[in-house]
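There are 2 protein chains.
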Amino acid sequence: MIYFVTKNRHKYEEAKKIIKEIKILSLSYPEIQADNIESVIKFAIEYLKDKIEEKFFIEDSGLFIEELKGFPGAFSSYVFKTIGNQGILKLMENVKNRNAKFVSIVGYFNGSLHIFKGECQGKISYKIRGNKGFGYDPIFIPNGCKKTFGEMEIEEKNKYSHRGKSIRKFKEYLNTK
Amino acid sequence: MIYFVTKNRHKYEEAKKIIKEIKILSLSYPEIQADNIESVIKFAIEYLKDKIEEKFFIEDSGLFIEELKGFPGAFSSYVFKTIGNQGILKLMENVKNRNAKFVSIVGYFNGSLHIFKGECQGKISYKIRGNKGFGYDPIFIPNGCKKTFGEMEIEEKNKYSHRGKSIRKFKEYLNTK
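As you go down the protein sequences, you meet chains A and B in turn. The first sequence begins at 1 in our numbering and counts up one residue at a time. The second sequence begins at 1 in our numbering and counts up one residue at a time.
No lab work stands behind these hints: they were computed from the structure. All residues carry an ideal CB built from backbone N, CA and C; glycine is no exception. Please note that the accuracy of each hint is not assured.
Unchecked claim - Not everything, but these chain A residues come out facing chain B in the computed CB check (under 8 Å):
#1 P30
#2 E31
#3 Q33
#4 G70
#5 F71
#6 F80
#7 G87
#8 L91
#9 S112
#10 I115
#11 K146
Unchecked claim - Cross-link-like lysine-lysine pairs, in silico, DSS-like; alpha carbons within 25 Å at most:
#12 A:K51 <-> B:K49
#13 B:K96 <-> A:K49
#14 A:K81 <-> B:K51
#15 A:K81 <-> B:K49
#16 B:K132 <-> A:K69
#17 A:K96 <-> A:K117
#18 A:K123 <-> B:K90
#19 A:K90 <-> B:K132
#20 A:K96 <-> B:K81
#21 A:K127 <-> B:K96
Stated by the list, open to error - Every beta carbon over 12 Å from chain A, so not counted as near; a handful from chain B, in silico:
#22 Y3
#23 E13
#24 K16
#25 E21
#26 E67
#27 S77
#28 Y78
#29 T82
#30 K90
#31 Q121
#32 I128
#33 M152
Pulled out of the complex, with its shape left as it was, chain A reads as follows:
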């Protein structure tokens, strides 16, 4: 059994579709303000590692919009709670370059730290589309798709998504143990 330390039920459900032997542990931990997610993960693992006796992992992700210099980046959840998808679309009004990427980093601790990264390149949509997923899913279209993540079931989203990729890398690592 491995604990997924998260307060985000959606993330847990996405990961559970890929790795069956995980359990959610709803615990808070400090997330530092950093412009890259890896620093956020490393700091959090340092904080958590003495508090949890079992093997555990955390996952953090962010949306990096090219034309907005990487905004909202590692601050995605606070930005979502305040200006939301409407705010992002307003910032992207009249912007032709819609390129964006989602980045997901898994930090797994089993006595030492292991990092697994997944990226998903895509475009910011012009409208909010779909009500599945969470966060920025309804405004992100992964490359090679016509749907936003907000229009996909978990299985389909996992095929393309940053989190699907990082969690599969993590699974491969577990399979070699």
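Based on these hints, arrange chain B on the given structure of chain A.
The following block gives chain B in isolation, referenced to the frame of chain A:
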């Protein structure tokens, strides 16, 4: 002598106008992602207190825009580096309610932690005005003024500003010792 731990020279100069006996100590510390500045300060003091032998203080501030549910808040510096004042003005296009406040919190550590808070109510301007100060100064008009902070010299800004207030409270405390 008291150290002001900051990487922001502007903040140091503003504080120095009010409290002469301070010195800058340019050192990084983790800032957590929190929706209130007090949590950011407390966490940072915990981190710094074993690393600095002298008395020291830190200051963190944020701009909270009413219509944007408190955005950019405690994340002000990252938001500034990415979308900047142009981004804020874009989010505020066609928004009538321009109310905003700046909040500054000083955390002073002399064996125990002391917190001093300053607030400045004001409005978001419709245009970027002035090139003094830093950050959001050119788009913030304190109540009772016509100028933005970006159009004021340090002394005038200090009269109205959140940081002027928190630093003066801190000075009063020092004077009673």
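Status of the hints after comparison with the structure:
Look at A:P30: its Cβ gets to within about 4 Å of chain B, closer than 8 Å, so that hint holds up. Annotation: interface hint on A:E31 holds; nearest CB of chain B at approximately 4 Å, less than 8 Å. Satisfaction of the interface hint for A:Q33 is found here, the shortest Cβ-Cβ separation to chain B being roughly 4 Å, below the 8 Å cut-off. A least Cβ separation of about 6 Å between A:G70 and chain B falls short of the 8 Å threshold, and the interface hint therefore holds.
Look at A:F71: its Cβ gets to within about 4 Å of chain B, closer than 8 Å, so that hint holds up. Interface restraint check: A:F80 against chain B, minimum CB-CB distance 10 Å, threshold 8 Å, status violated. The criterion of a C-beta within 8 Å of any C-beta in chain B is met by A:G87, whose closest approach is roughly 6 Å, and the hint holds. Among the interface hints, the one on A:L91 holds; its C-beta lies about 6 Å from the nearest C-beta in chain B, closer than the 8 Å criterion.
Residue-level restraint check for A:S112 is violated (minimum Cβ-Cβ distance to chain B is 21 Å; threshold 8 Å). Annotation: A:I115 was flagged as interfacial toward chain B, and the flag is violated, the nearest CB pair being 19 Å apart, outside 8 Å. Below 8 Å, beta-carbon pairs count as interface contacts, and A:K146 has none with chain B, the closest being about 28 Å; its hint is therefore violated. A distance of roughly 22 Å separates the Cα atoms of A:K51 and B:K49; the hinted pair therefore holds under the 25 Å criterion.
Proximity of B:K96 to A:K49 is assessed by CA-CA distance (about 48 Å); at most 25 Å being required, the pair is judged violated. At most 25 Å may separate the alpha-carbon atoms for a hinted pair to count; A:K81 and B:K51 exceed this at roughly 35 Å. Proximity of A:K81 to B:K49 is assessed by CA-CA distance (about 32 Å); at most 25 Å being required, the pair is judged violated. With a C-alpha separation of about 24 Å, the suggested pairing of B:K132 with A:K69 holds against the 25 Å cut-off.
About 28 Å separates the Cα atoms of A:K96 and A:K117, which puts this hinted pair outside 25 Å; it is violated. Between A:K123 and B:K90, the direct Cα distance comes to roughly 21 Å. Compliance with the 25 Å bound is thereby established for this hinted pair. The hinted pair formed by A:K90 and B:K132 fails the criterion: a straight-line CA distance of about 28 Å is larger than 25 Å. Using a Cα cut-off of 25 Å, the hinted pair A:K96 and B:K81 holds, with the two alpha carbons roughly 21 Å apart.
A threshold of 25 Å between alpha carbons decides the hint, and for A:K127 with B:K96 the separation of about 24 Å falls inside it, so the pair holds. With a least CB separation of 22 Å from chain A, B:Y3 remains clear of the 12 Å interface cut-off, as annotated. Against chain A, the non-interface label of B:E13 holds: every CB pair exceeds 12 Å, the least being about 23 Å. Interface exclusion of B:K16 from chain A stands, the closest Cβ pair being 25 Å apart, more than 12 Å.
Once the 12 Å rule is applied to beta carbons, B:E21 is consistent with being away from chain A; the minimum gap is 30 Å. Taking the minimum C-beta to C-beta distance to chain A, about 10 Å, the non-interface status of B:E67 is violated against the 12 Å cut. Distance check on B:S77: its Cβ comes as close as 8 Å (rounded) to a Cβ of chain A, failing to clear the 12 Å threshold; non-interface status is violated. At roughly 6 Å from the closest C-beta of chain A, the C-beta of B:Y78 falls inside 12 Å, breaking its exclusion from the interface.
For B:T82, the non-interface assignment is contradicted: its Cβ lies about 4 Å from the closest Cβ of chain A, within the 12 Å cut-off. Non-interface call for B:K90 relative to chain A: violated, since the shortest CB-CB distance, roughly 6 Å, does not exceed 12 Å. Listed as a non-interface residue, B:Q121 keeps its Cβ farther than 12 Å from every Cβ of chain A; the least gap is roughly 19 Å. At roughly 16 Å from the closest C-beta of chain A, the C-beta of B:I128 stays outside 12 Å, upholding its exclusion from the interface.
The beta carbon of B:M152 sits about 28 Å from the closest Cβ of chain A, which is more than 12 Å, so the claim that it is off the interface holds.
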